[in-house]
Amino acid sequence: MRSQVLRFTDWTSPVPPVEREVLSVLPEPVGDNPPVLFVPGLGHGAWAFAEHWLAHTASRGFAAWSVSPRANGSLRAYVHDVVQVAASLPHQAVLIGHGAGALVVSHALARYPARAAVLAAPVPAGWAALGAALRANPFGTLPALVGAAPRLSRKQLFSANLAGAEDYRAKLVRTPARVYRQVLFAGPPAAPVGNPPVLVVGSPDDRVVPRKALDRTAGSFGGAPLLFPGMAHDLMLDTDWREPIDAILDWLTKELAA
Amino acid sequence: MPDTPDIADRHDAVCVIGAGGCGLTAIKNLREQGFAVDCYERETSVGGAWNWRHDRSPVYASTHLISSRPLTEFPDFPMPDDWPDFPHHSRLLSYLERYAQHFGLGDSIWFGTEVVSVTPVGDGRWDVATRSTGGGAERVQRYAAVVVANGHNWSPKALPLDTSAYRGQVIHSSAYKDPAQLRGRKVLVVGGGNTGCDIAVEAAQQASTVWHSTRRGYWYAPKYVLGRPADQVNDKMLQLRLPLWLRQWMYHRTLRLTVGDFTRFGLPKPDHRPYESHPVVNSQLVYYLGHGRITPVPDVTGLEGSTVELADGRRVEPDLVITATGYLPRFEFLDPDLLDIDTDGKPDLHLHAFARKHPTLAVIGLLQPDAGLFPLAHWQSVAVARWLRLRVDDPVRAAAVQQKESVRPLRSWTRLRLVPSSRHWFEVSHTGYLRALEDLLKQLEPA
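Residue numbers (the numbering used here), protein chains in the order written: chain A, 185 to 442; chain B, 227 to 673.
Bear in mind the hints are in silico, worked out from the structure with no lab data behind them.
One or more hints might be untrue.
[Stated by the list, open to error] Here are the simulated lysine to any residue pairs, SDA-like style, with alpha carbons at most 25 Å apart:
#1 B:Lys572 to B:Gln594
#2 B:Lys668 to A:Ser187
#3 A:Lys339 to A:Leu318
#4 B:Lys668 to A:Pro372
#5 A:Lys438 to B:Asp333
#6 B:Lys668 to A:Arg186
#7 B:Lys462 to A:Ala294
#8 B:Lys462 to A:Arg186
#9 A:Lys355 to A:Ala344
#10 B:Lys412 to B:Asp619
#11 B:Lys462 to A:Gly371
#12 A:Lys438 to B:Lys403
#13 B:Lys462 to A:Lys339
#14 B:Lys403 to B:Ser288
#15 A:Lys438 to A:Trp425
#16 B:Lys403 to B:Ala287
#17 B:Lys462 to A:Ala374
#18 B:Lys495 to B:Asp525
#19 B:Lys583 to B:Pro672
#20 A:Lys438 to B:Gly260
Here chain B stands alone, though its shape is the one from the complex (with noise of 0.2 Å):
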């Protein structure tokens, strides 16, 4: 007898949160598995991130892929070989909702419903409370399992300053969508990962002036090696089980013999070697500051009136403030302890993906790789599909592969060898945690 009336019980069906690239792939390959699915969109088209219509999407109207096509596409859904290694966000978008078209995922998606709240309810199973976007009441449905994909790029983290007292415009990233803001303007890009590099680099094209603040060095590797997208030619020495102190040997030979030290442009030197870093690749930061157009400068310390004061002591008097600092991601419909999430709003999940003390919850997608996402978030759900299915059909070899998982180490899937910076707490080598994954799919493997 259910406990309350109105909570409809979906048996076992499955609840994926969120229809962006990892959405779509979780309910791809859950119903692969044989389950059934319902998956929550509170946007009324799927593409997350990848869909510029959205108010939570990062893109901005010129944002490229960084990582190339091989490494970016999923797996068994090839994007068009005639595409550039690099293609525009609205390619990516058409390639997801070609991908949800082409396996039907559609029937199983419910636009503009938005989830309100996930609880377990004892013996595994999930009630989970959504509501339409326009409002209206809330509808509970009892689910078999929850997997959660709704993005960590949509939730911007604050710049750690006040800037109550800052007479100028301060933005984050994800509010720049269009070049037309810069026009004309003194800007202050700050922050020196792949979309604070970018957005330095189209000022460069249309503010007046442009600096550029970076709270170290690092190393900004060019998008094309060897006459290959750069990614590519990395994997070839990966490939080849290179060591990583040749690899870094190589890394340092190719940029000696390209654009040389970077300290020449007034950048700092990196506190780091390559490698031990999430890697930023932009070709054209480099070419800029040769030019003049980006003057690089030091960590913000403080924003009064209409200055800006910098770690050396230098002050600047920019238009616009654009603060590239990145996201948080956020769960706001479950209980922290679900995914044992600590003070600073980070889970702690086996593989950055299974619940540690909940078998049938898992998160896609929060991981930060040094190539694509999407194969990641593909493989990460094939995983969970084959667990939930081991689950139900050998629930005593499930048990015996749970116990093994728990005793693998962090370091096969995690890399530890990394600045302390907090934005690499999901940072992975996209190898080493394919590697991991592998291993566990052949002991999910049906006997």
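So that you can see chain A by itself, here it is in the shape it has in the complex (with noise of 0.2 Å):
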């Protein structure tokens, strides 16, 4: 595994810096809670959790912030996204991260000491993300094979029953097969540092996260997944999407108590 310690990469090419989006909903007065970092997965922005959770985390007393993927990025570009935006929030930050933004926010982890963490359907690394999601979209993913940017259906995100489905598509960006590549086969994530609480939800009927591989991740944590019956990939776009968020900030104040 690449040294923690040694990090060539970062002394000699530091990622170069950009003007990144962030948005944010503030409790009213702040308050002691730590604040919580949403970070979204492929082809979704920072306004996919400004639509319900940003304002729910905040009403429930948490400074809730959220960080847009950059265009044109690395899974490296990424991660170093998330770590900056943390690091300059006032206090330790919960990382949530949703998609393959888990699997930024597991790399995170490693290089910052996350008060605690939540894993959203994390999409698996490796070759169990390509098989659920040629399954559930092979006219999508097939093209990914050969190098064109995949495309993600609508049933793949969303449930049958949501409402402003379309409107939400139409704000996805494609992202290039390349970065997806990256993002999947990087290899596993050093471990976490400062030994944060870890918490893995998702839903069992995820067209783009199978249920074992929701079982492996929250078991390569010591424990098991949070699950949320009925509910598509999009957990924070979805028609429920008050049931995980509670979930999590029950959860998370829970373990702040602790």
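Since each chain comes alone in its own frame, lean on the hints to assemble the complex.
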């Protein structure tokens, strides 16, 4: 495994700075709770959390932030951006990653001692993700195998009864297959620093992340996933968006008291 | 039963001395390993040497980083990526203040409190006597371990000459704060280290005449080469594991192609090869030498009346002599035996951090690396915290690690091929040192 102590790549060719898109909703008054930073997956932006979760998190007394993946990014740049935003917050942050953003968060945990972390519908690394995508959406995924940008279909991401699904889908940005390959096949992340509590949430009916992958990810942190049956991959945009975020914040409140 | 009723037993808590950059990272990493920490800081704010308000701070108005940002920041709390390559000292202070706030370290720090003495009580535990800097009674508390992070750039090393017969003004570089002190005066700067060169350059911009006295010729590296900060280019060569002779050859080549022959500027020829002394990084010194604003002179041999005598017999008459002669480490609160301090005041510590005879006593940041200090101080304090944790959780394995560490060869973490100068005793190569620390960290990982 690459050394966490001798970081030649960071020392000799630092990630170039960019203007980052960061959205936030702050509680009134701000209080003592740690800030929560949401990290969207590929194709999504900070807007995906601004829809419901940011305001709801703030209403429960946590400063809520989210950061969009940079254009023309790479796994290294995404991790860099998450750590930069987290370190810019006034207190040790809680990192919540969704989809491929959960993979970014699990790499960021090796670089920044988060107060806690949540992996929501975490895309598994490697071939497992590709297999699931092929089963759910063969026509959108096959082109990715020959280097084109993969397409995510409506039914992969959203529940059938979700009203604004077409609008959301229109907001998705196509991410080059190169970036998908890089994020999925980066090799396992190094161990988290600072020993943060980690929660995995997901849905058994997710068509991007198979149930088995959820169990495996949660198992690697010594726990079981918290499941929300009936929900689609994009938990934060689903009709029932309130349930998972409430469960996450309940868990967080309990962990902070411990 | 306690021996004296007024000793407050803090049980498993660890005492950290100093809340500068090294003390802060020690607190954070000890707390991450589950230790309660009491940190004592004589000043009323964090930042140590980097806080210009502190009376022991050596920074002057224009102090900037010598090593570039990526090689200077804490590995788990990066500086903002839109900061310049070489930030100003005021940014460093705000960075340390944000680090303390981000990790809530203020809860563990007792400001305005001086450590008077640290005494072992026999079972690996320590009695720490403290006193408010405003005066008042001493208070003694008992700790499971002591981590010293009191800095080593605050006790000036005096010029080894008698200055009593000299009528001009002599100040140590630590008393140099503002270019107004130089304006229109004839200034002699003594010392060829980074501070001496920085002040000589500043004098070249302000003073009427500037002499720069160095004992030997040095390799003055530019801050940028090939469009990158020079330390980043150097680390690229280390990453590629180029052999020393090749790096030395490339160093020569690069200098040849930019400034050329140093002796043409009147500088003495270096008596050592590149990478055999602490790197001096200054792009402007050669520039001002070339403009005749700085006159290089040899070592100072005497000061009398209004004249300063130099090793080549020359005499100069400066209004102001600034001695950039460096600092000595000082641990007034510790018995010298505890750190195996020799007659020159230099401690002998394993990895420059662990007291050899006292497993619960460590020093953070007593290093002179060829890069920024904070990454090294971070990993040192991670190692100290994990070591103390292992001692509590698994004494058998801790003893095995101690046994193995005691035979670690000195050359694996110190630099031996250096010019013999008193300032090089704690010089380390950041890569060599971090490799040794990483190896120790692996042994300390919980089973």
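Subject >> Holds or violated: Lys462 of chain B to Ala294 of chain A, with C-alpha atoms at most 25 Å apart >> reply: holds (23 Å)
**OP:** With a cut-off of 25 Å on the C-alpha distance, tell me whether Lys462 of chain B and Lys339 of chain A pass.
**Re:** Status violated; Cα separation ~47 Å.
Original post:
Does Lys462 of chain B pair with Gly371 of chain A here, judged by a C-alpha cut-off of 25 Å?
Top reply: holds (23 Å)
Subject >> Agreement of Lys339 of chain A and Leu318 of chain A with the hint, judged by alpha carbon distance not exceeding 25 Å >> reply: Roughly 13 Å separates the two Cα atoms, so the pair holds.
Original post:
Does Lys668 of chain B pair with Ser187 of chain A here, judged by a C-alpha cut-off of 25 Å?
Top reply: holds (11 Å)
Original post:
Does the structure keep Lys572 of chain B and Gln594 of chain B at a Cα separation of 25 Å or less?
Top reply: holds (13 Å)
Original post:
Does the structure keep Lys412 of chain B and Asp619 of chain B at a Cα separation of 25 Å or less?
Top reply: At roughly 63 Å apart (the allowed maximum being 25 Å), Asp619 of chain B and Lys412 of chain B break the hint.
**OP:** Would you check the hint for Lys438 of chain A and Lys403 of chain B, treating anything up to 25 Å between C-alpha atoms as holding?
**Re:** violated (51 Å)
**OP:** Mind checking the alpha carbons of Lys462 of chain B and Ala374 of chain A for me, to see if they're no more than 25 Å apart?
**Re:** Cα-Cα ~23 Å, so holds.
Original post:
Does Lys495 of chain B pair with Asp525 of chain B here, judged by a C-alpha cut-off of 25 Å?
Top reply: This hinted pair holds, its Cα atoms lying about 14 Å apart.
Original post:
Is the straight-line distance between the alpha-carbon of Lys438 of chain A and that of Asp333 of chain B 25 Å or less?
Top reply: holds (22 Å)
Subject >> Pair hint Lys438 of chain A and Gly260 of chain B, alpha-carbon separation not exceeding 25 Å >> reply: Holds - the C-alpha atoms of Gly260 of chain B and Lys438 of chain A are around 19 Å apart, at most 25 Å.
Checked against the numbered hints given earlier, this structure breaks hints 10, 12, 13; the rest are met.
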